[in-house]
Amino acid sequence: MLLGLSALSFIVIFGIFILAWRRDRSRKVRLRLFLIGGGLVFPLVLLTIATVYGVALGERITGARTSPSLTVEARAERWHWQFTRQTGRGSVTRPNVLHIPAGRTVEVIVTSSDVIHSFWVPRLAGKIDAIPGMRNRILLRADIPGRYNGVCAEFCGTGHTAMNFSVVAHDADGWAAHDKDVLP
Amino acid sequence: MKALRLHAELDAVWRTPRTWKGILTNVNHSDLGLRFMIAATVYFAIGGVLAMLIRAQLATPRSAFVGPEIFNQLFTMHGSLMMFMFAIPFFEGLAMYMLPKLLGSRDLAFPRLSAFGWWCYLFGGFILIVAMVLGLAPDGGWFMYTPLASKTYTPGINADVWLLGITFVEISAVCASIELTVSILKLRAPGMSLGRMPIFAWYILVTALMMVIGFPPLILASTLLEVERAFGWPFFDPTRGGHPLLWQHLFWLFGHPEVYIIFLPAAGVVSTVLPVMVRHPLIGYGWVVGSILALGFFSFGLWVHHMFATGIPHLALAFFSAASALVAVPTVVQIFAWLATMWAGRPQMRLPMLYISGFFFIFLLGGLTGVMLAMVPFNWQVHDTAFVTAHLHYVLIGGFIFPMMAGLYYWLPRLTGRMSHPLLGRLGFWLTFVGFNLTFLVMHLTGLLGMPRRVYTYDAGMGWDWPNLISSLGSFVLTIGFAAALIDIVLAVAFGRRSPRNPWRASTLEWALPTPVPSYNLASLPQVETSDPLDRRHDLAAALAVGDGYLGRVRSGLRETTGVAIASGRLSEIVVLPGNSWLPIVTAAVTGCFFLAMLFGFYWLAPVALIAVIVLAWHWAGSLGSRADLGPIDAGRGERAPAHHEMKEAPGWWGSVFALTADATFFMSLLFGYAFLATVAPGWPPPSLVEPSLLAGGTLVAATLLAWWAERAGFAAMQAGMARRARLGLGIALAAVTVALAALIAFGWLGLPSPRIHAYGAVVWVLVAYGGVHLVIALVMLAFVWRRLLQGYVSPARLLEPRIANLWLRYAVVANLIMLVVVSLPGIASWRW
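Just so you know, the protein sequences line up as chains Z and D, in that order. Going by this note's numbering, the residue at position 57 of the first sequence is 57; the numbering climbs one at a time, nothing skipped. Going by this note's numbering, the residue at position 570 of the second sequence is 570; the numbering climbs one at a time, nothing skipped.
For the record, the hints were derived by calculation from the structure and aren't laboratory data. C-beta: ideal position from N, C-alpha, C; glycine also. The reader is advised that the hints may include incorrect statements.
Said to hold, decoys possible - Computed from the model, here is a short list of chain D residues facing chain Z with C-beta under 10 Å:
id, residue
1, G311
2, G557
3, P753
What the hints assert, rightly or not - SDA-like, lysine to any residue: derived pairs with alpha carbons at most 20 Å apart:
id, chain 1, residue 1, chain 2, residue 2
4, Z, K28, D, H280
5, Z, K28, D, Q348
6, D, K151, Z, S113
7, Z, K28, D, A344
8, D, K151, Z, G157
9, D, K151, Z, G159
10, D, K151, Z, T158
11, D, K151, Z, G133
12, D, K151, Z, F17
13, D, K648, D, L799
14, Z, K28, D, K151
15, Z, K28, Z, F17
16, Z, K28, D, R346
17, D, K151, Z, W79
18, D, K2, D, W14
This is chain D alone, in the form it adopts within the complex (with noise of 0.2 Å):
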């Protein structure tokens, strides 16, 4: 009886109606955790009929199924929507979805950033979608190397969709990992320390991390590129300054980290189902854990190999190609983490495991080519060969598909509540496994011989007739075998034998939810106290659905999560969480109206768009907040804890934390390409340097100086509770950081360079544009933290929003301080008043 009364003042607080406004208005991570990985499997669905088309085309000498206009299209969309919109966002959707319900919580961190996140995501693929249909889309490969896909070679609208249409996915993807990383280190149930953290999770904040730091040269060069074809500055031009291969060391400067953050949540799939397959915990957990976090950092030291054939010089080559080695070692630990689990428990062939025993065979041979591929001589044998089409699908569909069925299957009943048939279930296991290696193994042999890739066709008499023949058909085989997966699934979902609440006997928390999950989640959340909650606590599920744990109750209609203290998950603060809400999918809209106004060329829509983002951003932190300070609340279990907004490090403190290192990224990358066009580009030194004008510079470093003392002073009045000094103070520094931006533009106008003529030009005007959007966002920032003072929002004991506007200040003044003097030295010798 208490846990129905439990359940309904609950759902009352966390339930979206079942209604048009609920669907648009929804924040929940279940409810979008499963719409992304719907919307990844629909992508997947369309990037696969795309791969038939291409072994259509290429499955008999000279066919003339489609022509080498429609054939580029082909191949630049399958690689597109397979790495942005499916394998990205699939694991997204699966991370969203478990990881609450993982570490015992009832959302993540910033619900509202998932859904803008998911709105983003749809909002992008349309326009990719939109584009292909209308035979408008992008066709310079995945990759878009320049300067091929520079205006002068692709002078149509083809290369702008996938710069727009891509960087809006991205913004989805930055979202979630700054979401997942905060919800990972923050929001988990009381007593889970890191050491007692699902595996899984471990594996899901080290790939997020990955993407904090990953995506943000990726972002960096779309925007360059967009710039260069939209307004002619040369970045990518040899011809002025600029250089074609800083496209490419930005794009695997992302390119190559990203093969890790697709693998890695496949294989903390395995990490998590393998144990439980073969009644064994894991053995190794501080190992694996030490492994991925090597893994994570390794990544991002190996981009180069990519590039073996550009022309660097040998000796460089050799320690990307050694390094390029050594990263397959943390992976090996893991492989043998998970041999000597199962040696030490009793294999069963469920389903699962049939899924993990295909992804060992198939990730151990692309593991293997990929260690070959790593040795520059044969890298420059079979570089840009189907030699390496065909590791990369080993790679990637052994090494993060079939882990994902692995898992889709493991976690079928908690999705659904049911169970599927294990006849076509393994019929489409298969099909998969035999269609795949009959289409790539063969590959391998075609690529030896001699056949590059992304060419449409081949003449009869190379050798090439019967191995691509071969692949095609085992590419039809591979087709079918997923569409038995995709229908076995569909079937379980519809008619499949109900399952009980924990059929493999698992041990994490996921399984002491009811079904179909609440909104809620949990009715309370359970005292985590060994890496194995559930373990002989087969009354847990019951203890927390009456209530025994902490927040099972409902405290004036707000919806409550546990915080904890980072590393040793002591229970630190009650998160307060917004409910549903216009904003996230206003907020996408608007920022879709950006980059259809960029895609259409309406570029005075663009500023119009940004503003409107920053209003709607204005009513987005406007929207949370207390305006009374009620100290340590009662949580349960007879602990107190205050609510997360009187709390110092709570988690929109971090969020703003890996905000500003993505931020940093892009900037250090932007520095890079600076330095790198200044060493390497041909056309250097430029016609001009910039004039610094003293007395422009000298006022930006005055007042940025000034602004930062004076956001101290008012923090300190804050601090102390006195309301006036705190308003003079910010008061002072949102006037100085006006100046400051006054400064930055006179300090453009008097003295750099036109951006069009050459490289140099445009990259300080970059430069110099980063500073001043850090000196807006700064005083969009101050002036929020003056608007909510007055409003009472602002305590002694409530001083979380002014604490992220301080983190955003200095980052601003640092990063203006750097850029000023990077963008100043090269000219100093010229200066003018």
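Okay, chain Z solo, but in the shape it has when bound (with noise of 0.2 Å):
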């Protein structure tokens, strides 16, 4: 979508600029197709197409009437995640793997207890940053199991580029595994 429109824009303004080059063409410039037309309607139209689908699309992506079926706190330290989940019997708290359930949305509240670090897990949502003394919110969802791979994606000192973590996603039996394994 962004791509076409982006394909578009370039192929009509660089096109003129190449045929601008032309000996045998007419040296009549029409003021209004060039400077009404080309300066104000064609980026405007094409800008609010995308300005319009750019809101949807947050919109559907933030999820605000969306029920996530998990909550989940990322908690940020320089230079690991801790990832704490809240139970009937208590919280658990394990580093720098994430469980989730495949097919179910999971809402993460991303924090910090030192500098700001960014929750990025490229294959499932966008990125959310760690700050101190705020609690964002994300939402992920994995429709396939599996072990997807997560960084920091906000730089925070000597230890950035070694701030990994992994979302494992389980299947339904998989979780109710996992979820026997790691409760009390």
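From these two lone chains plus the hints, build me the complex, please.
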């Protein structure tokens, strides 16, 4: 979508630029066509389409109306992650591996104990910053069970490069087994 | 013969001797502009070498070339040098060099300020470079996000080097912005109305105004962070009522306009050079002016798009997303104005046009990825990945360096009197163009494949190996291209063929100057009647050289140029400019002592340096002016105009207006920070509020109002020529400001909580300090006017200095009253005597 609009804009503008070099063309400039048509109408139409599309998509991703099936807290600390899950029988904290059920929407509350980090699992969702003093929220959903790599996406000092984690999405049986495993 | 005699007379007044003393005291805009450009190019080369080291490290997975400590310094310094030490100073230098020539003036409005800015830039750069050589360079990213840059997580001197070194350089940028704004508005050739100005001057005017408003938030942020680091005032510490995002808001409030501050001068070069290359005047001049004004305005409403992933509610993000998309429109208007001009003309592929073509290709792609990044969901995916690195290099190299190269080659005959060799220049272009796209086109893909920014290494098998290797190879081709262009220019300067006076047959005034450029630019200043003064006036240069224009003479050894009414460009005054001086370099050195004292923790030395700056500023202002009313003086061409100190709205007055605009932006950013912390930061309300002392606060109000009134009465007496009553009024105002200052100190002492416990206390103390600083400024200014009155520099006709003091006093009064209200209100319930 975005790529298509961009390609179109590039072809139009650079096309005119190339055509301007031809010697056998009329030199009459229709001022309105160039300045109002090209300068105002052309970008406004394309930008409106892109912006409306972007905002609608953003609303869907932030999912104000979806209720997550599970909430976990991700706490960043130089240079690792702690994932905490509240259960009926107390809280469970595990470093650097986040277990989630596949096919269900999971809410991750992201915060930090020291500097700003950013929680990012490229194949599952966009990123959200982990900021000390703030509790940010992001929704994850892995339809296919498996292991997904995550990284810290905000520069946080010398250990930034190595501040990786992984998300393990379990199928229904695996999730039940995992539950039995971790809960006291 | 007449031309030679005139040249000798003018040169005797304007010349700078070629000695050490001459180099250190020089205030000539051509020399300083060249110095800025050369120094900026040196920093570009240093920044480029750092980029090479980064690319060498990232060429292969698990490379052991540098570790994370060094790598972090490398990318921090690369970004900081390119932004603050290269891009801004380079276009400042070009603008300083070109503007007076384009506008038909002999110098900029405040020559000593140009020189002061130059020395601040040079000394500030030394701090950064020395730190880098010692391995103590900043390592928190060029954006210096808190809390990473706070004392807890960066205990060393590295962050202080950035905060103090960059702020020192910012002083230079703010000086240049005021200088350029006033020069464009006031110092033009008579007859050059705003609508006849060369389009480049419009671009620089908007850029300079954006700098006046854009830099204060960053200076405030750096000041607050340095105060937090040095004295433990917790502005950004979430455990004590601060908020890390305050830094990001202030930083990007500067940082986003900064992108346009860098782009606009380059677009100005395109709008200047392209019409000459296609042999047709720019189509849509008014549209272009309108679009750059819109661009300048909108660019202040988009800073949040750098913060899409910080957890701001989606609805707010949608607003900033739409604004970020909308800002593309004025740029597209300019692009179509250029296309229309090309369409109407006959494009010729000379070297400057080749660079402009490169600009079209690269900048267009960068702009399109920019629109993509403005879309929130896409941004969440690629934010802080190599995709953004690729995007910003497309915008900055495509949108700044390519047009600047076009400008450099276009003005090379103007700068050096020589032409470059066509082959080597073209080779340089193609290597740069191919190398650039090889490096950064691939980097988009690397980012989409998930490679984050600012990682010093990566594992094999992520799919990042090949793209990184290609980028690294491309970057070396790019560097070779830049080196070829540099060698070409150096060769042209040394051995190039001599160029005719107007090799491109352009129509702007800079091509009417002889080569080498005389110290005074033009032997007499033209009457401008069209927007293309050189069009069909091939005799103009010769006529000006023999003194047929304005001011074709020397009056009592003074440096003179024409001042005009802002809109109409009618001759309004003769501006007398100061000559060479030691003050700029000495003041810059003393300012440097202040920054070094802060850097090394000699806090007792800092106030000493500030007092020395005040003393120097006193001398600075005191060395101008006149003790006699001259009335209208002969300006040539049968017209007469008064000297500028007999004018109400002289350049100096406008300079103060824009300095106060910058100052007010600083104050508003501070108030924004206060409101932001109070509403967003955790840990509010604070443990203890201000207990405003009614007596101290009341005295402050009464004393400032009395000062306002007494200064007004004194000014009226000066207008009426009643020196005694004027002294009485000034005396009362002086006493009242002193009392106000004492009351302010008492107010703070009695009622304010400690600044170290909670961000609230820290912010109210900064507000009180802001009020105090302005009372001190008002005090010094009033004392200065008092002294000038005694010495006979003030008369009913010569009221420039009292008028400037009046501006600053009134600003101080208003700022103090606002400060008092916002500081007192939250704790008003617990007031005390």
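Do the hints match the structure? See the list:
Interface restraint check: G311 of chain D against chain Z, minimum CB-CB distance 3 Å, threshold 10 Å, status holds. With a least beta-carbon distance of about 51 Å to chain Z, the hint placing G557 of chain D at the interface is violated under the 10 Å criterion. Taking 10 Å as the C-beta contact cut-off toward chain Z, the hint placing P753 of chain D at the interface is violated, the least distance being around 20 Å. This hinted pair checks out: K28 of chain Z and H280 of chain D have alpha carbons roughly 12 Å apart, not beyond 20 Å.
Distance restraint check for K28 of chain Z and Q348 of chain D: the Cα-Cα separation of roughly 18 Å lies within the 20 Å cut-off, and the hinted pair is therefore satisfied. At roughly 16 Å between alpha-carbon atoms, K151 of chain D and S113 of chain Z fall within 20 Å of each other, so this suggested pair holds. Between K28 of chain Z and A344 of chain D, the direct Cα distance comes to roughly 6 Å. Compliance with the 20 Å bound is thereby established for this hinted pair. A distance of roughly 13 Å separates the Cα atoms of K151 of chain D and G157 of chain Z; the hinted pair therefore holds under the 20 Å criterion.
At most 20 Å may separate the alpha-carbon atoms for a hinted pair to count; K151 of chain D and G159 of chain Z meet this at roughly 18 Å. Restraint check: the Cα-Cα separation between K151 of chain D and T158 of chain Z comes to about 16 Å, which is no more than 20 Å; the hinted pair holds. Distance restraint check for K151 of chain D and G133 of chain Z: the Cα-Cα separation of roughly 17 Å lies within the 20 Å cut-off, and the hinted pair is therefore satisfied. Taken as a hint, the K151 of chain D and F17 of chain Z pair is broken in the structure, with Cα atoms around 52 Å apart against an allowance of 20 Å.
Taking the CA atoms of K648 of chain D and L799 of chain D, the gap is near 7 Å; set against the 20 Å cutoff, the hint holds. Proposed proximity of K28 of chain Z and K151 of chain D is contradicted: the alpha carbons are some 64 Å apart, above 20 Å. Straight-line distance between C-alpha atoms of K28 of chain Z and F17 of chain Z comes to about 15 Å, which keeps the hinted pair within the 20 Å bound. Taking the CA atoms of K28 of chain Z and R346 of chain D, the gap is about 12 Å. The hint holds against a cut of 20 Å.
Annotation: proposed proximity of K151 of chain D to W79 of chain Z holds, straight-line Cα distance about 18 Å (limit 20 Å). For a cut-off of 20 Å, the pair hint linking K2 of chain D to W14 of chain D stands: about 18 Å separates their Cα positions.
The structure fails to meet hints 2, 3, 12 and 14 from the earlier list, while all remaining hints are met.
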